[in-house]
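Undergrad: As a plain string of letters, each chain reads:
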Amino acid sequence: MTFFDGDSSLISNLPAIVVTLPLFASLIAGFLGWKNRKAPYPIAAVALFLTFISSVVLMIQVMSTGVAIEYRMAGWAAPVGIVYVIDHLSALVILLITSIAFVNFIANKSNIDTVFRNKAGAFNSLYLLFTAGLLGMTATGDAFNLYVLMEIASLSGYALIGLGSNRAPLSTLNYLFLGTIGATFYLLGVGYIYIATGSLNMADIASIMPKILDSSMILFAFIICMVGLLIKMAIFPLHGWLPNAYSESANVAAGLIAPLTTKVTIYIMIRICLTLFTPQYTFDYLNTSDLMVWLAIGTIIFGSLSALAQKDYKRMLTYIIIAEVGYMVGGFFLGNRIGVSGAILHIVNDAAMTLALFMAAGIFMWKTGEESQESLKGMFAKMPFTMAGFTVAALSVVGVPPTCGFFSKWYLISGGIAAGQYFFVAALIFSSLVNAILFFRIFEIAHFEPFKDHHHHSSNHSNKGEEASAHDTHEQTIKEAPLGMLIPFMAVSILLVVLGLYSGQIVNNIINFAIPSSIL
Amino acid sequence: MSIETVLSIKPVLAVLVSLLAIPGIISSRSQNIREAWTFAAAGIKLLLVVSMLPIILDGKTINYTLVQVFPDVGISFRVDALGMLFALVASSLWIVTSLYSVGYMRSLDEHSQTRYFAFFAVAISATIGVAFSANLLTLYLFYEILSLATYPLVTHHQDKEARSSGRKYLLYILGGSIGLALPAMLITYHFTGTLDFAPHGVMAGHINSGLAMLLSMMFLFGFAKVGIMPMHSWLPAAMVAPTPVSALLHAVAVVKVGAFSVVRVMTGIIGTGVLADFNINGIICAIASITIVVASLIALSQDELKRRLAFSTIGQLSYIILGVALLSKSGMTGGILHIAMHAFGKITLFFCAGAIFCATGIKYISKMKGIGRRMPITMTAFLIGSLSVIGFPPCGGFISKWHLVLGTIESGSLIFLIVLLLSSFLNAAYFFPVFYNAFFCSADEVLFEDRVEEAPLWCVVPLVITASISILLFFYPQPFLNLASLAVQTIMGV
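Protein chains in written order, with the numbering used here: chain A, 746 to 1265; chain B, 23 to 516.
FYI, nobody ran anything at the bench for these hints, they're computed from the structure. Please note that a few of the clues may not be correct.
Stated by the list, open to error - Once the Cα atoms are required to be at most 35 Å apart in a straight line, the calculated DSBU-like pairs of lysine-lysine come out as:
no., chain 1, residue 1, chain 2, residue 2
1, A, Lys1056, A, Lys864
2, A, Lys864, A, Lys854
3, A, Lys1122, B, Lys385
4, A, Lys1122, A, Lys780
5, B, Lys190, A, Lys1056
6, B, Lys82, A, Lys1056
7, A, Lys1112, A, Lys783
8, A, Lys1224, B, Lys190
9, A, Lys864, A, Lys1224
10, B, Lys32, B, Lys82
11, A, Lys854, A, Lys1122
12, A, Lys1112, B, Lys385
13, A, Lys956, A, Lys1122
14, A, Lys1112, A, Lys1224
15, A, Lys1112, A, Lys1122
16, A, Lys1122, B, Lys82
17, B, Lys190, A, Lys1112
18, A, Lys956, A, Lys1056
19, B, Lys190, B, Lys389
20, A, Lys780, A, Lys1056
21, A, Lys1122, B, Lys391
22, B, Lys391, B, Lys182
23, A, Lys1224, A, Lys956
24, A, Lys1112, A, Lys1056
25, B, Lys82, B, Lys389
26, A, Lys1224, B, Lys182
27, A, Lys956, A, Lys864
Okay, chain A solo, but in the shape it has when bound (with noise of 0.2 Å):
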């Protein structure tokens, strides 16, 4: 690894460069809209690319040596400066952040073409702004900064958002109120931690806690900072804002964002419980395993009920994901080493299932022109291959091996069996039992029924040979997605398969470093 050994400059500034190369990219990408349509998207390509690139690097760089990168931001040192740390939670959903930006964006190159024509600048630049704070609220050891970035990703999402259908500038309204609120919420509590503490490096009021885990302010500040998360993270029953947002937005936006907004906040959550607010006071001496867990288990319950109830794809997806989030903070808030594993593992699986379920969204959408499950008729026939990889995304959400989704399942619900929620182990099974009814419902209208206005309804033997002519006549017209969508999607789906059978090494190698010893 001599690659790493010289204080080479590029590669030390790496932390500041994964969060502003996306940064710079975006203005330069708004800028040159103007002037040329056809110039932010390579931009952009280049500028994801470079960025996934950077995580890479970054990754193998934490878990080649195993020490946490301190990055100094213009070479003030922390308490008073801000940092960056890239330690090995950090560094893994830097390196999701970006693989999935990255991913989406090529996935959807002809969507974004038509559908963002006379919009390429804003659209790019806003892409772009949008992975960057992503990226720096990832990165960032600062609780203030934080909030900045917050701000930064929250702004060009309600944008993206609103460049969705007509009705999409309503939701994103919705999704701004409740979302300025959750950040306003957190931006409060970060104020009482800096009254109470004098500080805002994580780090830095990490190790003053243990003096003050008296303060009442402390306390008003752990609440409202986690109010202000859970509004973020859409979890039940401040979840409003979530399904409308995502469902009126665009294909490539919801893409990007569906996967990655509330796992990003879940990730913040842990951050601060963690770093800042030190586990010892989280489970310890707070004790807010039950009534967390509860909350978990009512959102898991209610996403799943409310996906039941959704005749069209993508609500039901988002339904999901709401659902999904009871998972994560469900598992982390159980409090033993198993919970915290599946969770932070769950960040990842569920983020690649998403991005999945939702390129397979853009590719039915492309197809059809519909997003009723009603419009999926005869899709196995005519796009083997797309429904291939939906069917292995749509069972990692269920949790069949070998598919990721089964393996974080499987410690969220050893986690739970640990601490005794058995609770939670019955909503995860609860939970995994209707997504199989809801995959499977779509998969019965893909199945058994032809391809638009062809019936047939032929059951018994004597016309078996008219039946066999109508499906081969389906057959034989297999018309796919074309590869730009299809190959990527086809990736991101085995992607599935080999996150899961790597979980034990992902677990072992990466999520084991990143929770503290102190939990058991």
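Dock chain B against chain A, hints included.
TA: Structure of chain B alone, referenced to chain A:
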């Protein structure tokens, strides 16, 4: 107890070979090339399985860990006597069924044959995977893959009936495995810290009697493929599938995977000691006995031949569970042996049902009067198959039933002896009328002309092969009998 282990990738290859054939099956331009892929894969698979047989008969096991997914649990393969017996049955019958599939599917001009052969290959891979699993996680993985791969096969006709049957199939199979078996597995893992199949189970000393009972029931009903009542009604519903699917999957692979999984869990996870100490085996025996008798009674009233066979299968599967749960040496040998013996007999019967349907389009027993004159070979094979399932000499089924009967006497539970005898009587009662009416009905009842017209050769040859093997197994049961007694030796430690 030291068992010599051999490290070899062969079990993994045996699982994967049919999966690797799928790109070939899908991309083939002509039917014949496509079927060539299937036969090549089936042949290689059987060779791989057979090549491991001497090592297993030597008392060794073959191990291979593919990937470590949890600290103490990986996707691992382990070939032992029990797994070898099942793999041998499944991989040899895949070849025969493939022959039969070609005849059946082509003569009925079925649609989507490529899909059919592709998912068949996945299903057989998963079956071998279950047979060679070293731990419960790996077994669960392949169990689920099998559940999902058989769904498109069961619903092959894509009509209303197939849709509702498919729903029922998933409800029981997937509902059982996710709702019961998965949590049971995780609870077991939590308390014991391992999921590896051990010769005497892993629960002893870790789990109290109430929990052991609960987990046993969760496994027994969760692995719904075994069709223990009341988790049985997916099986008759699944008979809407094309007959080769019913033959291999619903007489051999799928249902036996259920039985095999339950046997594995009872012996390798729960452990015979725990079963006996907490008297769980008595309850399992009782549940199995009820299933045996009730299923046989229901079978009596079925007029559709495949449904009658389905209920017969439900009863016969519980023989396996009953035999193992008796916890006596002969009972366990008989139960394990029944996996093989019943497979050859029952697959013959399904082949016959399919051949009749292919040649005449008839599904109902009441319309088969005098069919023996038209299809003498098929109906003779039918007789042999039913004799084997009933347990008459000179058929393989006799050997396993003999051990089962001995097992009930050894364990001193005469009630189960009565169950077995009653069931054999009922089996005869629902099989003989089919045969009798086919050949010996009065002249004015005969529905067929006096002219021999069998199903296509591709359909007839396989059923002749399996019928002959059924008889052969009476005289030479050694490969399966040796494997079964070897398996029992490991489990009972004698």
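Undergrad: All hints are to be evaluated individually against the structure, with a verdict given for each.
TA: Do the hints match the structure? See the list:
no.	hint	in the structure
1	Lys1056(A) / Lys864(A)	31 Å, holds
2	Lys864(A) / Lys854(A)	14 Å, holds
3	Lys1122(A) / Lys385(B)	31 Å, holds
4	Lys1122(A) / Lys780(A)	44 Å, violated
5	Lys190(B) / Lys1056(A)	22 Å, holds
6	Lys82(B) / Lys1056(A)	56 Å, violated
7	Lys1112(A) / Lys783(A)	25 Å, holds
8	Lys1224(A) / Lys190(B)	31 Å, holds
9	Lys864(A) / Lys1224(A)	30 Å, holds
10	Lys32(B) / Lys82(B)	14 Å, holds
11	Lys854(A) / Lys1122(A)	26 Å, holds
12	Lys1112(A) / Lys385(B)	42 Å, violated
13	Lys956(A) / Lys1122(A)	63 Å, violated
14	Lys1112(A) / Lys1224(A)	9 Å, holds
15	Lys1112(A) / Lys1122(A)	11 Å, holds
16	Lys1122(A) / Lys82(B)	52 Å, violated
17	Lys190(B) / Lys1112(A)	31 Å, holds
18	Lys956(A) / Lys1056(A)	54 Å, violated
19	Lys190(B) / Lys389(B)	28 Å, holds
20	Lys780(A) / Lys1056(A)	43 Å, violated
21	Lys1122(A) / Lys391(B)	43 Å, violated
22	Lys391(B) / Lys182(B)	30 Å, holds
23	Lys1224(A) / Lys956(A)	66 Å, violated
24	Lys1112(A) / Lys1056(A)	18 Å, holds
25	Lys82(B) / Lys389(B)	52 Å, violated
26	Lys1224(A) / Lys182(B)	26 Å, holds
27	Lys956(A) / Lys864(A)	53 Å, violated
Checked against the numbered hints given earlier, the structure breaks hints 4, 6, 12, 13, 16, 18, 20, 21, 23, 25, 27 and satisfies all the rest.
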